[in-house]
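Protein chains: 2
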Amino acid sequence: MAGGVGSRFWPMSRQAHPKQFLDILGTGKSFIRQTYERFAEFIPDSNFLVVTNANYKTEVLRQIPELDIDQVLCEPLGRNTAPCIAYAAYRLLAQDPEATMIVTPSDHYTSNQEVFKSVILNAADFADNNRALVTIGIRPNRPATGYGYIQVADTPVQNGVNKVKTFTEKPTLEVARAFLDSGDFFWNSGIFIWSVKTIIDAFEKWLPEIDSLFKSIADDYGKPSEREAIAKIYPECRNISIDYGIMEKTPDAYVICSDFGWSDIGTWESLYQNSRLTFDQNVANENTFAYNTTGTIIKVPSDKLVVVEGLKDYIVVESDNVLLICRRENEQNIKQFVEDVKLKKGNKFI
Amino acid sequence: MAGGVGSRFWPMSRQAHPKQFLDILGTGKSFIRQTYERFAEFIPDSNFLVVTNANYKTEVLRQIPELDIDQVLCEPLGRNTAPCIAYAAYRLLAQDPEATMIVTPSDHYTSNQEVFKSVILNAADFADNNRALVTIGIRPNRPATGYGYIQVADTPVQNGVNKVKTFTEKPTLEVARAFLDSGDFFWNSGIFIWSVKTIIDAFEKWLPEIDSLFKSIADDYGKPSEREAIAKIYPECRNISIDYGIMEKTPDAYVICSDFGWSDIGTWESLYQNSRLTFDQNVANENTFAYNTTGTIIKVPSDKLVVVEGLKDYIVVESDNVLLICRRENEQNIKQFVEDVKLKKGNKFI
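Protein sequence lines, in the order shown, are assigned to chains C and L.
Just so we're aligned: 177 in our numbering is position 177 of the first sequence, and the numbers increase by one with no gaps anywhere.
Just so we're aligned: 286 in our numbering is position 286 of the second sequence, and the numbers increase by one with no gaps anywhere.
The following block holds chain C by itself, in its conformation from the complex (with noise of 0.2 Å):
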């Protein structure tokens, strides 16, 4: 799923090169090549599905040259992901009925691939086995309130997997230092495993009038006319979450819990937590000559030279035409920069 457009990032990220194409970590490496990394190393190129905004198109395929045409999906406009996972899904159904489905965002970060591995393989091969909508819960560090919550039923049913008990939207503090101290509470990753069958089950059953529309252009999936009969259906799609949509009221969702140093790096506080940090507690490149200046993240081009002095806890970052100075702990104003500059300068800026 690489459809996204976020203004978080903003301005690194715009609405024309949003977050999943970035390197916001200064890995080398953007959000959706690395998410392709992770799974090429145990799915063939072939099997790899990508749904994105037909805006994206271009830069997909510039990012993962190993992928065919057809294999990036467009949508003609957002929809949210339950409309997305049905797109993708009817087209595998009319590729092979049989196929399990991996559902991942494509903006999110990883650290330790041996086990996302061996959690990713253990819930194919239980979804493949079961009428299973399996989903993969990360054990939590820290009571984060801006993620969502799955509380895992008592016992396992096999080998790591359980049923899921509730999904809770993003907790207040409170809430969230509660489900971190139960044990019992883990951070909804996004990622989905099941199989084709199983999902479009599920479509037929919890989001019927989607199911509807997709299954009304079956013949057309995987041929040129697809593209015309997706423009047709989409617009008249309901904009919903997967989530909302068949998660929270399916009863045959199960949860695989693990812990691969996952982070959706939603905000720069994230960033910040997830990147390597100099000596004076910054985020900065080898360009950056930073004095009595601590706990700032300083984004620019690399070929920029930046010298801040006096900072402490800021938020620094270049992009293109926009330079952002915002103090870390007021992160969650920069919606409303971004808003206030929309408004003011058009979207030359956004």
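None of these hints come from the bench; they were simulated from the model.
Keep in mind the model is a prediction, meaning the values are calculated, not measured.
There could be a bad hint or two in this list.
Since the list gives no way to pick one copy over another, a pair counts as held whenever it fits inside one copy or between any two copies.
Taking lysine-lysine pairs in the DSSO-like style, the calculated list, with each CA pair at most 27 Å apart, reads [what the hints assert, rightly or not]:
1. K304 <-> K348
2. K348 <-> K232
3. K344 <-> K57
4. K304 <-> K345
5. K205 <-> K312
6. K165 <-> K197
7. K345 <-> K232
8. K165 <-> K205
9. K342 <-> K29
10. K29 <-> K165
11. K197 <-> K312
12. K335 <-> K304
13. K232 <-> K117
14. K163 <-> K117
15. K170 <-> K249
16. K312 <-> K345
17. K312 <-> K335
18. K335 <-> K170
19. K344 <-> K312
20. K197 <-> K117
21. K342 <-> K163
22. K170 <-> K345
23. K348 <-> K223
24. K232 <-> K205
We have chain C already, so just place chain L on it with the hints.
Leaving out everything else, chain L in the frame of chain C:
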């Protein structure tokens, strides 16, 4: 005089593009262009001479297309103001031995053109009719420690002209306060007015080595051989200022004291003091969105958008390949930052 290479406004000023060529105040005109226009109101174009580094010749002519190429005198290297003035004086002597000469820095600011013009014309008139080295003193309005001071003799010689009693280089704050209170100390504007004859007599008397060098190529001024002749003698000149070399020694120093809203804009602080401030007391253009930000100078290319949050009394400058963020109270450290950058990165950012 347009040969200076300063690092004080780094990164706006660079070795390749020093302060005199910049529009640091955001007026739409560079300092050198403003300086030209200030005098062009009462001096014909053909009477200007610009002394600058050979590397800046093209830029001078680009910014003052009213000048002919042979009105730009090129120094092969910088040797402070005394050789610069000697060069112009000897060139003038060859062209018009009866000339009156006005010497001015090209990177200062004045706000009151009427007063300026009348002071200069008064000085020129006095210098025309007397053996006088006239300098312009500025009535101080604060105990500035960054300027040289001129103490005037008690009795005016005539019409606003006084004898100079002493010159004092940058004083301590305590001394500057005493100067301000006493009422007979004025800032040294670096503007001089004298007849060509008088200044050449002064060079003969007080800087005879420099004088001999420029006399030795008397046949070359205004001819194609001038460039080569200057290239030969210039490196042999002492590096010395006109103040130290002549003005502080001569008994013929006079001063006209006035107040035409002068500043050398030698520091970010003086830029701040001489800029139009926003409602929040910032220096910022209409492409700046400032939140909880006061007392901050924001200077970036005009096509750049800036969003700042939570800055108080900072300098934020972006220019070409460099971003500088520094507390206003620590601007004196910028010189050191530039040294550090030079040491680690070479001249690429200098």
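Just pull the numbers of the violated hints for me, sorted ascending. The structure breaks hints 2, 3, 5, 7, 9, 10, 11, 13, 21, 22, 23; every other hint is satisfied.
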